[in-house]
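Asks: Here is how the chains run, residue by residue.
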Amino acid sequence: MNSKEKFIKVIKENAGLIYKVTKVYTNSREDEQDLYQEIVYQLWKSFGSFRSESKISTWMYRIALNTAIAHLNKEKRKGSYIPIDELLLNKPDLNDTLKEEQVEILYSQIKKLDTIEKGIILLYLEGKSYDEIAGITGFSTTNVGTRLGRIKQKLITQIN
Amino acid sequence: MELEEMKTIWGEMSAEIEKQKKLTDSLIIKMTQVNYRSKIGKIIVPEIIGSLVCVATALFIFINFQQLGIWYLQVCGVASAVISLLLALLSLRAVNKLSSINISNNNLKQALSDYSKGKIQFVFVQKLTFYLGAVLMLTILPVMCKLIDGVDLFKVTRLWMWYVVAFPFFRWFTTWVFKRYKKTIQGAENILKELAEA
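Sequence order for the protein chains is A and B.
Each residue of the first sequence is one higher than the one before, counting from 1 in this note's numbering.
Each residue of the second sequence is one higher than the one before, counting from 1 in this note's numbering.
In short, the hints are calculated from the structure, not lab data.
Each residue gets a CB set at the ideal place from its N, CA and C atoms; glycine is no exception.
Be a bit skeptical, because a hint or two may be false.
[To be verified] Calculated from the model, a selection of chain B residues having no Cβ within reach of chain A, i.e. all distances over 12 Å:
#1 Trp10
#2 Ala58
#3 Leu68
#4 Tyr115
#5 Phe124
#6 Leu132
#7 Leu138
#8 Leu141
#9 Phe154
#10 Phe169
#11 Phe170
#12 Arg171
#13 Thr175
[Said to hold, decoys possible] In the DSSO-like style, the derived pairs of lysine-lysine whose C-alpha atoms are separated by at most 30 Å in a straight line are:
#14 Lys154(A) x Lys109(B)
#15 Lys118(A) x Lys22(B)
#16 Lys152(A) x Lys118(A)
With the hints as constraints, model all of the structure from the sequences given.
Replies: Given below as structure tokens:
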């Protein structure tokens, strides 16, 4: 298997991860598609230098989050990207309307948090341990714990 | 909704996402290629063209410097050439900065810190470019009139009077333009402060 084939396999296996990061860090469909492609591009650019010292998902989260931050700091570049059908971005098909509504509420509340908080809560909801979150974000484990406590409080107040 | 409930909803949504395998090989390949071309075309090329124009202007002035003759036109000539070269330098520096932030090795904290510092620096450069551009507009006009048409604008018009009239307007315009940068700087400084506390 050559590196392009390996890369395609990795992207297909972790497409959901990219989708969730783009969903949390963007506010429009157009922006979502732009960021999705930017993340895939950045992953491909760094794929050659990936050493299996860390888990592939840890490496992907790190690049996806950094790309999202870079994306927030760039000016809009309309028309730079290929149009993608939203369905191809692994949008979940939730048959249950109530569940779909709950997911939308959850996303909308997360989007209200600041850049750092969004990253930390995303990793927490993805089931990452405090140590793993600290490794990806660069904050100390204690600091991750403190921040998570504040984020939880904030989210609960926002939702209820 | 409690946090555990949020985690459950998130987990169910993630499971649904995992079930879907809709991305195609060709789409993944296309995503990497289109982005690369757009990056080269949309950011770097205009900056390089702008720099080349500035360098060409400076060269044109230096080559024809003797034709300026009188001291005040020569002063304007030197100022225009130096500003043009400075603008070219700032532009090329901006291009270089684009690739200096390491997305693959940085963590979230480092990336945020780099971008916040970059933003503050960007606003500084924007301000500098704005001032330099305004001065260039004033100095290059008499120089080009002399070099292209052989006319000394200071003798045939009351150009200096326009400079005096334009100054207060420029001062007001600058304050108005820079007001919008205040929020950007403040936001970046707040992030840096928060990161320093972590």
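Asks: Next step is simple, just say for each hint if it's right about the structure.
Replies: Okay, the hints, checked on the actual structure:
1. Trp10: 4 Å, violated
2. Ala58: At roughly 28 Å from the nearest Cβ of chain A, Ala58(B) sits farther out than 12 Å, so the non-interface label holds.
3. Leu68: Fine: 39 Å to the nearest Cβ keeps Leu68(B) off the interface.
4. Tyr115: 5 Å, violated
5. Phe124: Label holds. Min Cβ-Cβ 16 Å, cutoff 12 Å.
6. Leu132: 21 Å, holds
7. Leu138: 29 Å, holds
8. Leu141: 31 Å, holds
9. Phe154: Since the minimum Cβ distance to chain A is about 40 Å, Phe154(B) lies beyond 12 Å and the statement holds.
10. Phe169: Non-interface label stands for Phe169(B): nearest chain A Cβ at 28 Å, farther than 12 Å.
11. Phe170: Consistent with the label, Phe170(B) stays out of reach of chain A, its closest Cβ about 26 Å off (over 12 Å).
12. Arg171: Correct as stated: the minimum Cβ-Cβ distance to chain A is 28 Å, above 12 Å.
13. Thr175: 23 Å, holds
14. Lys154(A) x Lys109(B): It holds: about 21 Å lies between the C-alpha atoms, which stays within 30 Å.
15. Lys118(A) x Lys22(B): 26 Å, holds
16. Lys152(A) x Lys118(A): 11 Å, holds
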